Amino acid sequence: MTQAEQEIRFQEKIDREIKIEPNDWMPDEYRQTLIRQISQHAHSEVVGMLPEGNWITRAPNLRRKAVLLAKVQDEAGHGLYLYSAVETLGTSREQTIDDLHSGKAKYSSIFNYPALTWADIGTIGWLVDGAAIMNQVALCRTSYGPYARAMVKICKEESFHQRQGYESLTKLCNGTPQQKAMAQDAMNRFWWPALMMFGPSDADSTHSDQSIKWKIKRFTNDELRQNFVDATVAQAEILGLTIPDPNLKWNEARGHYDFSEINWDEFWQVVKGNGPCNKERLAARVKAKEEGAWVREAASAFAKKRDMKKSA
Amino acid sequence: MQESALFEYVLRLSDDSLILGQRLGEWCGHGPILEEDIALTNISLDLIGQAISLYDFAAELEGKGRNHDQLAYLRYENEYKNVLLVEQPNGDFAMTILRQFFFDAFRLPLYEALMQSPVAQLAAIAAKSVKETRYHLKHTSEWVIRMGDGTEESHQRAQAAIDHLWRFTNELFYEDANDHTLQAEQKVPTMAHIQTQWMATVTSVLQEATLEIPKNNWKFDGGREGRHSEHMGYLLSDLQYMQRAYPNMEW
Chain L
1 MTQAEQEIRF QEKIDREIKI EPNDWMPDEY RQTLIRQISQ HAHSEVVGML
51 PEGNWITRAP NLRRKAVLLA KVQDEAGHGL YLYSAVETLG TSREQTIDDL
101 HSGKAKYSSI FNYPALTWAD IGTIGWLVDG AAIMNQVALC RTSYGPYARA
151 MVKICKEESF HQRQGYESLT KLCNGTPQQK AMAQDAMNRF WWPALMMFGP
201 SDADSTHSDQ SIKWKIKRFT NDELRQNFVD ATVAQAEILG LTIPDPNLKW
251 NEARGHYDFS EINWDEFWQV VKGNGPCNKE RLAARVKAKE EGAWVREAAS
301 AFAKKRDMKK SA
Chain A
1 MQESALFEYV LRLSDDSLIL GQRLGEWCGH GPILEEDIAL TNISLDLIGQ
51 AISLYDFAAE LEGKGRNHDQ LAYLRYENEY KNVLLVEQPN GDFAMTILRQ
101 FFFDAFRLPL YEALMQSPVA QLAAIAAKSV KETRYHLKHT SEWVIRMGDG
151 TEESHQRAQA AIDHLWRFTN ELFYEDANDH TLQAEQKVPT MAHIQTQWMA
201 TVTSVLQEAT LEIPKNNWKF DGGREGRHSE HMGYLLSDLQ YMQRAYPNME
251 W
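Top to bottom, those sequences are chains L and A. FYI, our numbering numbers position 55 of the first sequence as 55, with every residue one higher than the one before it. FYI, our numbering numbers position 59 of the second sequence as 59, with every residue one higher than the one before it.
For reference, chain A alone in the conformation it holds in the complex (with noise of 0.2 Å):
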């Protein structure tokens, strides 16, 4: 039972990594500077890296004999638990950076907390994604600023892009029973911790970007459930396209 709470709550940090890295991918070769065609396509190669240990850890919870890419590859839209804040369409480069702030500032107290796991291997995932997670909130927080301090085109595209996406940050902070049952053993920290934390560096960042918070506080989830948005369908028809087309093969 409480492998399969384990194996449930990195299955959704593998998912979550997978799935914004596919999404940055997207942008190789067509960044708005060449700098950032790397520093996007570099993020997306730490999260893959990323995605790789964390399903390599999540297969040898599940002990069925899958390796990471069954698990990245071989499954059904409905049996993917990343939040649907990661898989929302790229848009202009300040929805991509946007996405990816939320996101970082997000993980990375949750990394800094799961460092402390005494689950062994996922402090150590956590210890070895934390450096690379704190270089891409550096990254990400400064083009918010530059964008929202910058001018008055990227000032709206940065604002447009925060009252798009709003809507998706609350379910970074899902929790459910799975959470609850690794909470009481002490091996995950609690949502309410993180969010705290997360609220603190969007708070500041984006006040120091002159750009301001939503007052619709309207939310939703789903994506923790395995209830994607539409866009998720196309996303993993490319993602998974090798593998079904040719199944059973090696490459």
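Pulled out of the complex, with its shape left as it was, chain L reads as follows (with noise of 0.2 Å):
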């Protein structure tokens, strides 16, 4: 069969909803994309346990403390899930983190946010995860089997993962005027970037054509970012907390809010690696890396010496 005829039976596929899974013929280019998505998305869950897991020692409860660890370890879970759905593509897990560490791959640029209060976790959890969480549902349906699959999982913890950050931020919301405020300033500061997760504006995005085509997307960035707002617009009004945007308003033609443009000099900064904590991130993923090595290689000289011990 003809590269060309490979291609047709593989769009074919795709159009009849029929999973691709690793064995299958793909075209390079489709590979490459997943290869890069799922891993930037794992490095996202990965990268993403350094703001909060900031707060484990600091969590003002008992229950807020163990529910905080509990959290971050779902994501090192997540994380360990979508590496192992990029080796299937036939990139090592070890490649996939050197490509991070070198700063081929990104994450999410949220994740270059400080977390400085107590509110943030509970903000995290509501706009990051419920951001995170409109991007997922959508890919439980995406063409690549292993990816798919990973994601079902994925979003269920996620979901709770946002109503455990709601729940938290209700508590500030009703509590005292000081834990009012500290919600407040933490949803001044995460409300743009938490826009921004969905990625630059379809005309800007390089790769969206081809990859809803392939079905690894289904919704663009704008359709994705529009349902975000328009679900969370209601959760902020409950919880008494405003969106910092006064350009927000219900557009009854659109039968969507109207929100003011994201600032895309700072979006692009952040991507580049200027964000206030870029530098900070990689430098705690490299530092563990580095200072593991010695562990790692414990475990495989003590892997190999039992092998030779049963083999003798």
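Everything labelled a hint here was simulated from the structure, so no lab data went into it. Any given hint could turn out to be false.
[Claimed, not checked] Here are the simulated SDA-like cross-link-like pairs (lysine to any residue), alpha carbons at most 20 Å apart as the crow flies:
hint : chain 1 : residue 1 : chain 2 : residue 2
1    : L       : K304      : A       : E152
2    : L       : K304      : A       : E208
3    : L       : K305      : A       : H155
4    : L       : K309      : A       : T151
5    : L       : K279      : L       : A105
6    : L       : K171      : A       : Y246
Keep in mind the model is a prediction, meaning the values are calculated, not measured.
Fit the two chains together into the complex; they arrive one by one in their own frames, and the hints show the way.
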């Protein structure tokens, strides 16, 4: 079969909603797009552990400490499934992680913003996990089988995290004026970065069209961003928090909320590595890898010794 | 009097769990491999869960209307009764694993014995926690063996951790009049009994790991009486930060 025929058959499978599996033929560009997207997602889970992990030792009570520990652990678990999904495409976890550390691979820019107060933890759960879910629910039907199946499990946990985050904010918003102010401050700092999580606007998104055709993506960045805004406004009202956008208003004709233009200069600066915490986040991951090198070497040396004993 | 002896006893158990759980939580996001990041925070989570049950019971025994968070967060340093071992800094992965191994090898036989306690609530907490602790000990034992019998570097690091932490291990078996009261009523086991089992576990695991028990047997204590190491104040500054900075609020 020629390459062109294979491509036609591949697209037919996609159009008929048949999942692509690891051993199936796939265009190289499809494979590369998935490796890029899934590894970026895996890195986001792992780097995302840092701003929240930062608050585990300072969680305000034992229940919150336990909930936060469990949440960050879930994220590490998501990182594991996703690295495994990347491995099904022929790239090892080690290689994928090296690409992160060299700066070649990206992760969600949201984690380059600092978690400064306890309210940030609730806000990250509510807005950041909320925005992630908008993306991820769509990905449960993505065309690549292992990615779609990983997403189903991840979505269940993420929606739990979002509810926990929201519940934690209700405590603050129904608490003292100081607590309410802490929640509003977190909202002010995280709202725009959360909207940026959906990526560049459709006009500037280089990968969108082909990804939609291959059903890797089911909705465009702007569609998902709009859905997120529409879903979140009412939740903010219940909390009594003000969304920091004077132009946010319901547009009857469109059936959607209108909102201000994102500060794209800031968006691209943070993507390029100039956000408030980019350097710290990457440095923490590199340090963990370097300081853990002897542990990994010990484990593999030990495994080899035991294998030799068995075969002797 | 007996209630207060039991309160003190349960408080010690609670503080050990809390402080070690707090230390392990510091690893989150920094583990040597993702699987170990998960394992360390998982052990932390188990210990915090145990601390909640134990503090709830302690609060009930105390009968002064304090809850688990007030006990965990709002005491002064010299009122915490954990052993010095658990407050020691994480150090490298070898230090963290050895600290955990020494603790698990103590906690497992202690919980097994407490399952037989006529104090029903204590027996119930022990029965729930023993399963978790058995897994923790299995996990840390495997790592001690892997490190000891892995590379030269891992062997040296594991031995250095043992040499450093050994002086804190005797305090695990600390006893005072409080314990003797409860032992006389057969509510809790004698520490000699626990120590024998601890030593058997430690000896067999270190032997398989080709690691050595230090010859210097000089040991010290103080934690059970509220005299801590210099590390404790910093640990509590983090732990208590929110409760101290924003008093009397619900989170």
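Taking the hints in turn, this is what the structure says about them:
| no. | hint | in the structure |
| --- | --- | --- |
| 1 | L/K304 - A/E152 | holds (14 Å) |
| 2 | L/K304 - A/E208 | holds (16 Å) |
| 3 | L/K305 - A/H155 | holds (14 Å) |
| 4 | L/K309 - A/T151 | holds (16 Å) |
| 5 | L/K279 - L/A105 | holds (14 Å) |
| 6 | L/K171 - A/Y246 | holds (14 Å) |
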